[in-house]
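Enquirer: This is what each chain is made of:
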Amino acid sequence: MFFHVFKYGLKINFRVKEIVFWAFIFPIILGTCFYAAFSSISTSTESFNTINVAIVLENSDSDIYFKEIADSLSDDENDLPLLNPTYCSSIEAGQLLEKEEVTGIITLSGGIPSLMISGDGINESILKEILNKYLQSVSMLSDIDVNDTASLSKVLSAINNDISYIKELKLTDGNTDVFTNYYYSLIAMCCLMCFSGTMGSMSIKANLSSVGIRKNLSTTRKSVIILGTFMSSYIIQAIASIILIIYLNYVLKVNLGGSLPLITLTALVGSFAGVSTGTFIGALPKLSESLKIALNIIVSLFSCFLSGLMIGDIKYIIQDNLPLLDLLNPAAAISNALYSLNIYDTYNKFIQSISVLTIYSIVLIFTSYLMTRRETYASL
Amino acid sequence: MQVFKAFIKISRQSIGIILTYTIIFIVFLEMMSRFNSTATASEFTESSINIAVIDNDNSSLSNNLLKYIDSKHNIIDIDTDIDDIRDAMYRRSVDYVLIIPENFYENIIAGNNISLESYKLPDSVAAEFVELQLNNFISVYTAYIDMLDNSDLAYEKTANVLKAEAEVSVSGSTSSDEISIPHYFYMFLTYILLSVIVMCITPILITMNTEEIKIRTLCSSLSSVKRNIFIAISTFSLGLIIFLLFTVFSLIRFSSDMFSTVGMLRILNCFIYMIVCLGISFSAGVFLKNRNTVSMLANVIGLGSSFLTGVFVDRSLLAPSVLAVGKFLPCYWYINVENELLRFGNHNTRTIIYGYGMQILFAIVLFALGIVFSKSKKSE
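Protein chains in written order, with my numbering: chain C, 91 to 470; chain E, 17 to 396.
These are computed hints drawn from the structure, not numbers from a lab.
Glycine included, C-beta positions come from ideal geometry on N, C-alpha and C.
It is possible that part of the hints are untrue.
To be verified - With a cut-off of at most 20 Å between alpha-carbon atoms, the simulated SDA-like pairs for lysine to any residue come out as follows: (1) C:Lys107 / E:Ile317; (2) C:Lys189 / E:Gly361; (3) E:Lys230 / E:Ile249; (4) C:Lys189 / E:Ser185.
Said to hold, decoys possible - From the derived model, a few chain E residues whose C-beta atoms are all more than 12 Å from chain C: (5) Phe44; (6) Asp71; (7) Ile154; (8) Asp168; (9) Asn225; (10) Cys235; (11) Ser237; (12) Leu256; (13) Leu261; (14) Leu267; (15) Ser322; (16) Phe323.
Chain C with its partners taken away, still in its complex shape:
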């Protein structure tokens, strides 16, 4: 009988348009929107790119020194060069700046370079720093006795020195793009927005539908009906979350970080928590069907909001100020589990998040069972 209930539960779930749309189609659409909007933000705002700069020379001896420095900064065989200079007249330079084709204009006047930019920014600050270094070198040279050849050679070696004194340590093997958190919250939303769980649970309620009345009258044990309905909802939710992960990873090629089997495991445990939440809401007594559906949306979306689905920084505000809420929020637990797979070398925080989700699910399933079994109705 379990298989019968399970089979028809699956059939119903796949035929309800709302379930198919919200579980399968909507997360994919939202994921595509995230990809369209976020995929190039980090590259354009955080990554270093060669800075285009217009240089206006003054046809004097100082031109040669400055040009030499600018050319040395624009020629890096191993890495991206720092500068891409365009030597031009001041009128042309002004036009380039206006068209935003260059970050700034360096003008030499009396051997002293000055900078014109169109606004604040880190690239503009880098340009200023290059000019600072030039002026500081001039200041160093003017500070020493030109006949003191030993000092002169030390100063010149310091000026021409482009050695880096800083060794980079490996931060992590994972993806440090801050926008991956939106994809984690999206996976959490896909797991938790479980209409099939609520609808399945409501279909057992005799006060909500005629199907519910029939199911209550049948000789099948309540626990079998509950388990069959629960499993059919779970299968739908698990398939939906796996399809989303496959879509993000293989179609959009989003680097989710961490190993794919463990990401899938997180989605499976998350879907279990989602179906448990849906079942719990569906099992709540004395609430109408529309109210239960609305409650399902509110609970899942609010949970995802706190995990950073709409505004990424909310997650950190909650983590810093209400850590207990972050620990117990199912969407945050899913997002944190995926984050820890991406960033950390150890699995402690991943296990902690998975344990929270499992305990949360067991508590809700048990409570739902208690609310549904042996329910009697005075009047229908």
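Chain C is fixed; fit chain E onto it per the hints.
Expert: Chain E only, in chain C's frame:
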């Protein structure tokens, strides 16, 4: 009149949707206004980033280096645990972590290889900037240590040399980057207006177009033309009420900005977009048969056009391919006008008129689509 009354009666069901969206919109707007209260600076401000320094040397040199960093950037306290460093860098509360190793000072004095250590995000422009400064500091300092053999004097000289800074001017010819809150309001209003109009009006049109109701009305004394005219008037009236609700709010909330030429052009832009939204609702009302599918359509069109045309994410950050797709959406032309109005005074009137025209064309196409489909349905 009967049709109009019926329309208004059904529309009462939508008050909840209007209120929910309005409240979410206003809360979101207030949050945005707190995060984005930027002003245009006429003077250049050098970028300062968040740096965490782990000083394992604690020498006079490392303290002086810290003092130098502090004068340029924000020093952030951080735990030395690698997972805490990863967390801080992932959430961008720290942009760069510098580790000053033990015996750093002794190594410099002895002329040994010096190596500071760092954690940074991949290809980080912030790291490039700070390393330019740190390397410059160490080159100058080591040159003076070599020359003077006195660490205090070397630092004093280094500090003096580093005071030399280039002159920077901000070009007056470029547009202001100031983002006004009314601009945000009218940007995000596209999503809200589209969602509210589609979710309110389309279900009413679906109901009105239901076979039984349509036939019943047509066999009454009311002519088909009159029925359609009343439906058109009712649809437009409801759209106008929704439009006025948000416009009046903006006139009260941003009175100083809105009672101006820019404000009036914004309202005109929004009015034309409202007609586009009515076109979408009209077509959807003809195409769709089930009221439950309306929220799916509203979400897909609303979120899709907002992400693809630069409503949620600034256009400068979107990939060109995304914007190329966005051009096929009316929202793209609305945002074009809105962005042009942002630099009013230095604006291109053609862009504004072109934007209005494109939206009107989209509206005509949408209404035409609806009429053609409605005719073909009628002939069936």
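Enquirer: Minimum Cβ separation between E:Asp168 and chain C greater than 12 Å?
Expert: 17 Å, holds
Enquirer: Should the label of E:Ser322 as a non-interface residue stand, given a Cβ cut-off of 12 Å to chain C?
Expert: 8 Å, violated
Enquirer: Far enough from chain C: is every CB of that chain over 12 Å from the CB of E:Leu267?
Expert: 27 Å, holds
Enquirer: Beyond 12 Å from chain C, beta-carbon-wise, is E:Phe44?
Expert: 8 Å, violated
Enquirer: Taking the minimum C-beta separation from E:Asp71 to chain C, is that value above 12 Å?
Expert: About 15 Å separates E:Asp71 from the closest Cβ of chain C, which puts it past 12 Å; holds.
Enquirer: Does the no-contact call for E:Leu256 survive, Cβ to all of chain C over 12 Å?
Expert: At roughly 29 Å from the nearest Cβ of chain C, E:Leu256 sits farther out than 12 Å, so the non-interface label holds.
Enquirer: Compute the least Cβ-Cβ separation between E:Ile154 and chain C, then decide whether it is above 12 Å.
Expert: Per Cβ check, E:Ile154 is inside 12 Å of chain C; nearest 5 Å; violated.
Enquirer: With 12 Å as the threshold, tell me whether E:Phe323 passes as away from chain C on beta-carbon distances.
Expert: 4 Å, violated
Enquirer: Given the proposed pairing of C:Lys189 with E:Ser185, does the C-alpha separation stay at or below 20 Å?
Expert: Within the cut-off at roughly 18 Å; holds.
Enquirer: If I take the minimum Cβ distance from E:Cys235 to any residue of chain C, is it greater than 12 Å?
Expert: 32 Å, holds
Enquirer: Keeping to a limit of 20 Å between CA atoms, is the pair of C:Lys107 and E:Ile317 held or broken?
Expert: 18 Å, holds
Enquirer: With a cut-off of 20 Å on the C-alpha distance, tell me whether E:Lys230 and E:Ile249 pass.
Expert: Answer holds: E:Lys230 to E:Ile249 is near 17 Å, not above 20 Å.
Hints 5, 7, 15, 16 from the list above are not met by this structure, while the remaining hints are.
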